[in-house]
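Novice: The residues making up each chain are set out below.
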Amino acid sequence: MAGRIRKIARRSFLIGSVAVAGGVAFGVYKFRETPPNPLAPTDGAIPLNPFVVITRDGVTIITPKAEMGQGVQSTWAALAAEELDVDWEDITILHGPPAQAYFNSALFGEAVPGLAYKVGPTGAAIRDLAGGGAKLLNLQLTGGSTSTRDGYEKMRMAGATARETLKLVAARRLGVGFGELSTASGEVIARDGRRIPYADLAEEAAQIEPPEIELRDPSQWRYLGRTMPRLDMIPKVTGTARYAVDVRLPGMKFATVRMNPRRTGMFSYDASAALAMEGVEKVIDLGGGIAVVARNTWIAIQAAEAVDIVWEGPVYPETTEALNALALTAFDRSANSTPRDEGDVDKPQDGIEIAAEYEAPWLAHTTMEPMSSAALFSDGKLTLWSGTQAPILARDRTAEAIGIAPEDVELIVPYLGGGYGRRSVADFSILAARVAAAMPDVPVSVTWSREEDMRNDFYRPAAWGRFRGVVLDGQAVLLDGKIASTSLIGDSSPPADPDDWQMGDRELVAGAWDQPYGIPNYRVSGYTARTGMAVGYWRSVGASYNGFFFDTFIDELAFAAQRDPLQFRLEMARREHEPSAAAIEAVAEMSGWGKALPERTALGIGFTYSFGAAVAQVVQVSQRDRGISIDKVWIAADVGRALDPGNLEAQLSGGAIFGLSAAVSGKITFRDGIAEQQNFWDNDALRMQSAPATEVRVLETAYRISGVGEVAVPPAAPALGNALFRLTGQRARRLPFGDTFNLLV
Amino acid sequence: MARTLLINGKVHRVNLPDEVPLLWVLRDELGLTGTKYGCGVAACGACTVHMNGEAVRSCQVALGDVSGAVVTIEGLGSPDNLAVLQQAWADHQVAQCGYCQSGQIMQAADLLARTADPTDDEIDDAMSGNLCRCGTYPRIRAAIHDAAARMKAEA
Ligand code: FES
Ligand code: FES
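Sequence order for the protein chains is F and G. Per our numbering, the first sequence starts with residue 1, numbered consecutively. Per our numbering, the second sequence starts with residue 1, numbered consecutively.
Keep in mind that a hint or two might mislead.
[Unchecked claim] Cross-link-like lysine to aspartate or glutamate pairs, in silico, EDC-like; alpha carbons within 20 Å at most:
#, chain 1, residue 1, chain 2, residue 2
1, F, Lys381, F, Glu400
2, F, Lys118, F, Glu571
3, G, Lys152, G, Asp91
4, F, Lys632, G, Glu122
5, F, Lys118, F, Glu700
6, G, Lys10, G, Glu74
7, F, Lys632, G, Asp120
8, F, Lys595, F, Glu695
9, F, Lys632, G, Asp121
10, F, Lys632, F, Glu599
11, F, Lys667, F, Glu318
12, F, Lys595, F, Glu585
13, F, Lys154, F, Glu209
14, F, Lys632, G, Asp125
15, G, Lys152, G, Asp120
16, F, Lys282, G, Glu29
17, F, Lys632, G, Asp124
18, F, Lys667, F, Asp682
[Stated by the list, open to error] If you want a taste of the chain F side facing chain G, the calculated C-beta under 8 Å gives, among others:
#, residue
19, Thr366
20, Met368
21, Ser449
22, Ser629
23, Asn679
None of these hints come from the bench; they were simulated from the model. The C-beta atom is built at its ideal place from N, Cα and C for all residues, glycine as well.
Let the hints inform the model, and build the full structure from the sequences given.
Specialist: What follows is the structure, encoded as C-alpha cells:
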C-alpha cells in the first residue's frame, strides 16, 4: 500500500543499518568484538581457539554445524586441517557446545538487499561485513546453504592461527628463528631436523597472543579441492554413528509424545487403558498433548495411541480446500514486497501474451530419523541430546520451557538423521526436556512415531504463482509474477508481522525475483497468506516452489516464442550473468541436448539460481508400457570453488532426487484440521527403482563460493515438468505431478 | 516370558511380552542401536536385519516369532573389520545422513548372498523396500556392483 507507514521491525532495522554506509562500521565494530572461547581446557586437551583443540593423540576440530548428511563437518575439518598441517587420520571432529563464537556469519550477509548474482568483490565484502550482525541474534544455525561460505575463511584462519602460535612457542624453545620452522603431520620441524609434536607446545601456545597470519594460496592446498574420505562414513556404514535417537544411558526409560495435530490444547483425556498396559510407567500431561513413559519405545507408542484424547479444534480452516481458499485471498491484498520492478510491466507490449497459474502443495519433511531427543534432568540442570540445526535457540527455548537458566542446559548435538530444515524448530527438544523434567534423575529417550512426525510437522507451505509474460521476435520482453504463500516470518521468535518487515519476506519470492535473466520488463511480487497453519523451512525454502513456478513459466514463454527452451534461457542468462550461462551450456553438452532421442523419450530443462549457485538440470523421461519413467538427470552447478568434489556430487545428486521425490508424489492434505498422510505408505519418496541415474558437473566460475545443500532442489521439479510437457504435450502446472501423470514409482 | 535370542553370535536373555517387535528388543533392551526405526510399518527398510540368513523387517517380527540366528549391522562387520559390502559403501562414500544405511546394507547383503552378480533390475527389485530420503540410490547401486565384483574376485 503506497504511503503506508511501516513499523520497522528490529531485525530489518539491523539489516538496514548494516547496508548503509554508517551501518557497515557498526557491523565491523561488532564483528571484531570476539565472543569468548566457549571451550575450557581439560586434562590433555588444550583449546587454542574456539575451533582447534590439541590433544595427546591428535587434533580435535570443532565443527559447530549440524551434520545432517551434507558432509559439512568433514569439509569444515578439511578447511582447518589445510592450514594446521595435521594428518587426516589424526583428526577428530566434535560439534561443540552452543556458543556465540559459532554464529553463522554468512546467513545474515544474505539478507542485504540487492541481487546476489550481481555481487562483485566490493558487494561481497559488504555482505560479509553485514554478517557481523548475525551474532547479535545468536544465530548459530545450520541452514540456507551458508555453511561453506561461513566456514571458508573462518576455519582456515582458525587452523593457520593455531599453527603459527605453535610455531612461536617452538621457536622460543628451540632457540631458532621463526622463519626457520615448518610444520607437517602435527609437528613443528626445525631446519636441523628437530621436531616437536603440537601436543608438547599446546599448553604454552594457549597462553600467548596469536600472531597475524596469512592464508595459503589455493595452489598449495592438499586437502581442499580433493575428495576426502568423510569422517562420518565408517561410523555410518557400521551402525556405530550415534543419533539422538540412539543415546543409551543406565536406567534409561523410553518415551513418546502425542501432541494435538491441530496445534491447540486438549479438552480432556483418558489414559486408563494406556496405564493398564504392561511396561507403561507414566502418562504426562503436556497441555497440548501427552507423553507416555515406558520400558521401551514400542510400548510407549502403543500406549500413547491408546490414550483417549478429545482435542481442541484448530485455529486454521479444517480442510485443504478451505485452507487454500483462505491462502488465496492473499492476492486480494497489497503486495508484501516487490523486490524487482524493471521496465514497466503495466505498459502494453507488442507480441504474444501468455498467462499461467501454478500451485505447489503443503509438504512434510519426513527426515528418515523421526523427531527425537534424549534428556536427563537432575539437580535443577538439564542434559539434552538433540539433533538440532539451531543449538542456541534449542538451548534457550528448552531452558525457558522448564524454568531453568540457559547456563543450566548442557546441549549435545549428535548426528542428525536428516534435517531438511525440520530440525531448526525447537519443539522436539522442548518436549523431551519437559518429559525429563517430569522424571527427575531418570534419563529418558523420547522418540516420535512416524505418524506423530508427519502430523506434527512444520510444513512447507502451499504456494501459488500467477504469471503473465510477453514474447516478441523470439525473446521474452515482459514477465510479471505474483506469488502467494504463508510467510515463515509469522512463526519467528518473537512473532512478527511479515508485512511490517521493511524488506518484506524475501522467501516468498526467492527463486523468482532474483533470477539472472535479462528481461526488459521484469517484476515479481510476493503476497502474504495468513493461514495459521504451522509452517517451517523446507530444503531450499521459497525457491522450492518459486523455482518451479518461474522456470516453468520461462519454458512456456519459450514455447510461445517457438524457441528451443534451452537456447531461450541461455540467451537471457548471457545478457545478465556469465556463470549461469555457463551452467546452462554445460548441462546442454552433458545431456546431448538437441541430438536425436529414442522413440517416446523427451528431455526437459530446469534452471534456478538460488543460495548463490546457478544450477541447471536436464531430466530425461520415457513412456514405458506401465507408465512414465524418469530415466536420468544431468546437473551442472556453479559453486564458485569446489572444496570437496565428491561430496558436492553427492549433495547435488541427492538434492535433485529429493526435489524430484516431492515433484512426483509429495503432498500433505488436511481433513478435520489434521494431516491426512500418516506414514511412508501414503507419503512416499523416490526409491531405487524410480530414482533416476544422475550425472553431475561442478563449475567454478562464480566470484563467490557457495554451499550446495539445497541448490539442486529447486530446478528439479520444473526440469521434470518441462520434460513431461515435451513427452505428452500436457503442461504440468500443479505439483505433485503424480496426481496428473502416470509416473512409474 | 523369558526368551533366549542368538544375536550376532551371542546369546541374550530377554523377558518381555511376546508381541514386542524385534526392532525394539534390539534397540531398547539390548542397546544394539545400529538397527533403525523409520516407520514401524514395513514401509522404509531402516530396521532390516537377517534372521536365519534372510533379510527381514525387524519392526514386523514379534519377539515370539524370532527363530534362529539374528544378525544386525553390528554383526556384519565393525569399524576395524569391515565386511566387503561395508568397505564398498565406504569407498563409494554412500552415506549422507546415514540413517537408512544400516538397513540398506543389510538388504544388499541379503541380495548378494542370493545373487552373486545382480543386474540393475535385480537391484531395483531387492532394494525397492528401502527408502533413502537423502537420495543416495545411485551410489548404493554402484557400491553393490562393486562389492559383487570384489566378492567374485575373492571367491
Ligand atoms: S521401521 Fe521397519 S520397515 Fe520402517
Ligand atoms: S542417507 Fe539419509 S536417508 Fe539415506
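Novice: With reference to the structure, classify each hint as holding or not holding.
Specialist: Going through the hints against the structure:
{"no.": "1", "hint": "Lys381(F) x Glu400(F)", "in the structure": "holds, 12 Å"}
{"no.": "2", "hint": "Lys118(F) x Glu571(F)", "in the structure": "holds, 17 Å"}
{"no.": "3", "hint": "Lys152(G) x Asp91(G)", "in the structure": "holds, 17 Å"}
{"no.": "4", "hint": "Lys632(F) x Glu122(G)", "in the structure": "holds, 19 Å"}
{"no.": "5", "hint": "Lys118(F) x Glu700(F)", "in the structure": "holds, 16 Å"}
{"no.": "6", "hint": "Lys10(G) x Glu74(G)", "in the structure": "holds, 12 Å"}
{"no.": "7", "hint": "Lys632(F) x Asp120(G)", "in the structure": "holds, 14 Å"}
{"no.": "8", "hint": "Lys595(F) x Glu695(F)", "in the structure": "holds, 18 Å"}
{"no.": "9", "hint": "Lys632(F) x Asp121(G)", "in the structure": "holds, 16 Å"}
{"no.": "10", "hint": "Lys632(F) x Glu599(F)", "in the structure": "holds, 16 Å"}
{"no.": "11", "hint": "Lys667(F) x Glu318(F)", "in the structure": "holds, 16 Å"}
{"no.": "12", "hint": "Lys595(F) x Glu585(F)", "in the structure": "holds, 14 Å"}
{"no.": "13", "hint": "Lys154(F) x Glu209(F)", "in the structure": "holds, 18 Å"}
{"no.": "14", "hint": "Lys632(F) x Asp125(G)", "in the structure": "holds, 19 Å"}
{"no.": "15", "hint": "Lys152(G) x Asp120(G)", "in the structure": "holds, 17 Å"}
{"no.": "16", "hint": "Lys282(F) x Glu29(G)", "in the structure": "holds, 19 Å"}
{"no.": "17", "hint": "Lys632(F) x Asp124(G)", "in the structure": "holds, 15 Å"}
{"no.": "18", "hint": "Lys667(F) x Asp682(F)", "in the structure": "holds, 9 Å"}
{"no.": "19", "hint": "Thr366", "in the structure": "holds, 6 Å"}
{"no.": "20", "hint": "Met368", "in the structure": "holds, 4 Å"}
{"no.": "21", "hint": "Ser449", "in the structure": "holds, 7 Å"}
{"no.": "22", "hint": "Ser629", "in the structure": "violated, 11 Å"}
{"no.": "23", "hint": "Asn679", "in the structure": "holds, 5 Å"}
The structure fails hint 22 only (numbered hints given earlier).
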